[in-house]
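> The residues making up each chain are set out below.
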Amino acid sequence: MRIQPGQTDPAVIRNFCIIAHIDHGKSTLADRMLQITGVVDDRSMRAQYLDRMDIERERGITIKSQAVRLPWKVGETDYVLNMIDTPGHVDFTYEVSRSLQACEGAILLVDAAQGIEAQTLANLYLAMNADLTIIPVLNKIDLPAAQPEKYAAELAHLIGCEPEDVLKVSGKTGVGVRELLDHVVANIPAPVGQAEAPARALIFDSVYDTYRGVITYVRVMDGHLGKRERILMMSTGAAHETLEIGVISPEPKIADKGLGVGEVGYLITGVKDVRQSRVGDTVTSVTRSATEALGGYEHPKPMVFSGLYPVDGDDYPELREALDKLQLNDAALVYEPETSAALGFGFRCGFLGLLHMEIVRERLEREFNLSLISTAPNVVYRVIMEDGKEVTVTNPSEFPTGKVDKVFEPVTKATVLVPSEFIGAIMELCQNRRGNLQGMDYLSEDRVEIRYTMPLGEIIFDFFDQLKSRTRGYASLDYEPFGEQEAELVKVDILLQGEAVDAFSAIVHKDKAYGYGVEMAKKLRELIPRQQFEVPIQAAIGARVIARENIRAIRKDVLAKCYGGDISRKRKLLEKQKEGKKRMKMVGRVEVPQEAFVAALSTESSTDKAKK
Amino acid sequence: MPSTLPDGDPAPASGELPESALEGLGGRPFGFYVHVPFCVTRCGYCDFNTYTASELGPGASHADYAATAVTEIRRARAVLGDAVPQVETVFFGGGTPTLLPARDLVRILEAIDGEFGLAPGAEVTTEANPESVDPAGLEELRRGGFTRMSFGMQSAREHVLKVLDRHHTPGRAAQAVREARQAGFEHVNLDLIYSTPGESDDDWRASLAAAVEAGPDHVSAYSLIVEEGTRLAARIRRGELPMPDDDVAADRYLIADSMLAEAGFGWYEVSNWAVSDKSRCRHNMLYWTGGDWWGVGPGAHSHVGGTRWWNVKHPAAYAQRLADGVSPAHAREVLTPQDRAVERVMLELRLSDGFPVAEIERPVVAARALGDGLLDMEAFKRGRAVLTLRGRLLADALVRDLVG
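Protein sequence lines, in the order shown, are assigned to chains B and A. Counting with the UniProt record's numbering, you get residues 1 to 612 for the letters of the first sequence. Counting with the UniProt record's numbering, you get residues 1 to 404 for the letters of the second sequence.
Calculated directly from the structure, the hints in this document are not laboratory data. Some clues are possibly wrong.
Unchecked claim - Label-pair ranges, simulated between beta-carbon atoms:
1) B:Arg583 to A:Ala67: 51 to 57 Å
2) A:Ala119 to B:Lys561: 23 to 29 Å
3) A:Ala119 to B:Arg583: 44 to 50 Å
Just so it is clear, the structure is predicted and the values come from calculations on it, not from any experiment. For each residue, glycine too, the CB sits at the ideal point set by N, CA and C.
Build out the structure end to end from the sequences listed, making use of the hints.
Here's what the structure looks like:
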C-alpha cells in the first residue's frame, strides 16, 4: 500500500525528466521504460507512446509534456518513478523550466553519434541552475557511427564528472535501460516537502481535451490535494472544484486518496480554457490556502508576430473559430483581428517563436482544413517619438510615419554549437546579422560553443536556413530573450503602381533596407503577371524610393479565331477565368494572384528549416 | 474548329430540339456549315477534326461522304420543320473540302437548296488549299452555285510554309486567286498566319504584300496558335523551334492592320479585313451576331435559337449514326439568358460594329477601358463600344472585365 497515490512515502518517489535534442531518441527511450517497468505490455506498445498529437509524432518532437508514473523495484523496495516529459524546443524554454522545477533530477540524453546540441545544452544549463541531479546518458550506442568515448568526454567536461560516469544505453534495443532506472533510484534525491502544511502544487503543464476540458498536470510540493476539493489558482485567484484527480501510468488512473507530497499527477476541474490553468501557477486549497505561491511564474510573452489570412476571404469566420479552439490548448497564442488592404480580413497572431508559429499554422491548416497566407514574421518594436510618445509596433504597417526619435528592438542571447571548421562561417553570418560575439568555448577538440547577442528580428528572418546551409547542417542553435537595444531601423514599403502593399512592408536595419527592397521588387516582378498597363514596383523608405522594377504591359491578350465551333469552348474558358479572377487580390488596379503573395511572403523559414 | 469537343448535356437520339430553340425560327438569318474532314496530309500546327486516310469505312470515305452529308441535311429539314427560312449562307470548311470532286460539293449544296431553298443572293463559300484547285474545278463550283472562295495561303515565304507543313509554292495562292476570278468568283479570301517560328517582320510584310497583290476582296490573318497534341507543339517542346512570342505577335498584328488599311482593307472583326461592307463574310457574321446555322458533318457545331450542339467526332461513327437513323449529335447545351448575354459581349465586341453601350452591364469597366484607350471614344458617343487598335489586341482581357 505504500506506493498507492495519496499514500506514497516521499522517500520512495523519484521525479525526473529527460533533456534531449529532438532526434536523440528521448521518446524511444521513454517507450522502453514503459515496457521494462511493465506499465505497457508489448502488445499495446506503439512507437512514441507518450506523444499524443499527430504533429508531434510526425515531426518527432514533443510539444506538450506529460508525466508518467512508473513502478520500479530495487532490492526489496518498491519505488515510484515519475517521468516528466519536457518539450525539447527553443520556443518553449519557459515550459521546460517549469517541468524542471517539478523534478529533482534530469537524465541528459545525448545521441552517441552526434554529440550534444545547442538547445540541449541550454536546457542542461537550466537544469543545473535549478540544482537538479544530472545523469549523463549516451543513447543509440548500437549505431555503427556511435562514438561513445568522444561524446562521453564531452559530457563529462560539460557537467564536471568523469567520462566513465556517463551511462550508455540503446533506447532501441533496451540495452542499459534497467541499469539507468536503478541509477535514477540510487542517485536522484527523493522529494522533500511539508506534509502538514497548506497544499501547494506546481502546474507544469495544462492540456485541453475535447471530452474532459482542461487537464492540469501538477507536482505537489507541500500538503495534499484531494478529490472534490475546492482549489485556488494563486496567480488568477480563480477557484474550481477538482472533479477528478489522478496519475498517468501511462493511461489515466483515478487517485481516490488524492496526491501527497512529492507526487505528480493530474487534475480535472471542468475548466474549458488552458488560460485559466496556467503553467507555472501554484494550486492551493480554498479552505486552507497557502500564503505564498511557489516562485517563478511568468505570463507567456509573444515574441514573434505574423498576420494570418484565409486564402479564401469567405473562410474568415472559420479561421476565427479555429483560433478560438486552438487557444483553449495554447495559453501562449495571442491574436486579434486585423485588416490588410491587400489580404483582406485576418488576424495578427503572436507566438513564442518561429517553431510555435509553424506549429500553430500547421495545426490550423491540418486540423481545421484552412488554406492560409501568412505575412513575414516580425518582432515587437518600441518606437519613441520626438514628442516622447511611445508606440508599440507588432505589425510593420503600424510603424509611425511621424518624427521618430528612437526605435528599440528585442535582443537575444544566441548559442551556436558547431564543428570547429565552421567557426569562420558562423562568425561571418552572425556579424552580418548584427551579432556581437560574447564568447567561445571548445566543448571537445573539434566542437565549439559560440555565443552571440543578436537582434531577434535577424534570427527570425531566414537565419536557420543560412546557419544550416553554411555548416552543411551541422550547426545547432539556441536563443533566449536578452532585453532590448536601440537600433537604426526603418520601414521599407513596397509599392505597386504607387500604392503601398501593406502585406509587404518590413522593418529592417537601415543598412539592409536597400537589399530587402531590391530583392522584394525583383521577386514580385517574377511573380506578378503582366497587366494591361505597365506596373512599376518600388521599394521606398518614406517618400524615398530605393529600388525599382517594372512589369511591362501585356500587349496581346486575344485569341485570333472565334468561329462557330469555338464559341462554346471559349465561353466555358471565360467562365473559368472569371472564377480565377475571384482569387486575385486587387492592389489598386493591379491583379495579384494569391500564389504571388504566398511566394513573396515565404521567408524560407518553412517547417523543415525551423526544426533545425 | 479545334477537334476537342466541349463538355455538354446529352443530346436526344431523335435530334429533337427544345421548344425554346424553335421559337422565333425564321425571324433570324439561317445558314449551313458543311464540314469536310479530309486532308492529303495533316499540317504540323493543325488540331482540326480532319483525317488523311481516304477510306474511313462505310459512309465515311471520300466517295461516300456527299451521300452521308445529304442524309444529315434531310434530318435537319425534319427536325426544323416548315418554319425554317431560306438559307442565307453556306460555308464548306475542313479539312480540305476541295479534296472532294467539285460535283460532290455541288451535290451537297443542291441538297440544301432542295430541302430548304437558297435565298436569292445567298453567299456560298468553300475553303480550299491553293494546290487543291484548278480552273476546271473552280468553274464547276461557280456554275454549281458557289459564290466565294477562301484559300489557305498562310505565307508567301517558303521557309515559313515549310515550318507550317504547307505544300504549295509561294506563288500558287496568287495564281489560285486569279483562276477564281477568271471562273467568275466575285468574292475571294486569303487566309494568312503570322508569328510562325522563324518568320521575321519582313517575311510577314512580304506575305501581306503578296496577298494584297493577288487581289482578293477579303483577308483573314491569324496568329499561330500552338495547340496541344500537335506536331508543332512537340517540336517546340523539344526545343527544335522557338515558342511564338506574344509581343512579336502584337507587332505583326499592327503591321497587318497598317498594310491592309493602306491597301484599302478595313477591319470588321479582330482577325478579318474586307475591301467593302459587301465583301464581309456573311456566314461568319451570322456566327458573331447570334444567327442560326446547322453544322453538317463529323464534329460540326450547330446553333439554333440558344441551343448549341455538336456532332460525334469520328467520320465513321458519324456515318454509322446516320445509317442507323439516329441523330449524329454528340452533346448539346441549352444556353441560359446569362450565357447568351456573355456570348454576345464575347462575340460582338470583336466586331467593328461593336456592342451597344446601353447594354453593357458594367459601365464602370467600360469607362475605364475608354480611359485606357481600349474603346473608341467617337463610337462610344454614338452608343457603340468599339475596340481601338490597341483594344483589339487586348479584346479577351476586356471581355473578361466586362462580364466578370
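> Among the hints numbered above, which are violated by the structure, and what are their numbers in rising order?
none
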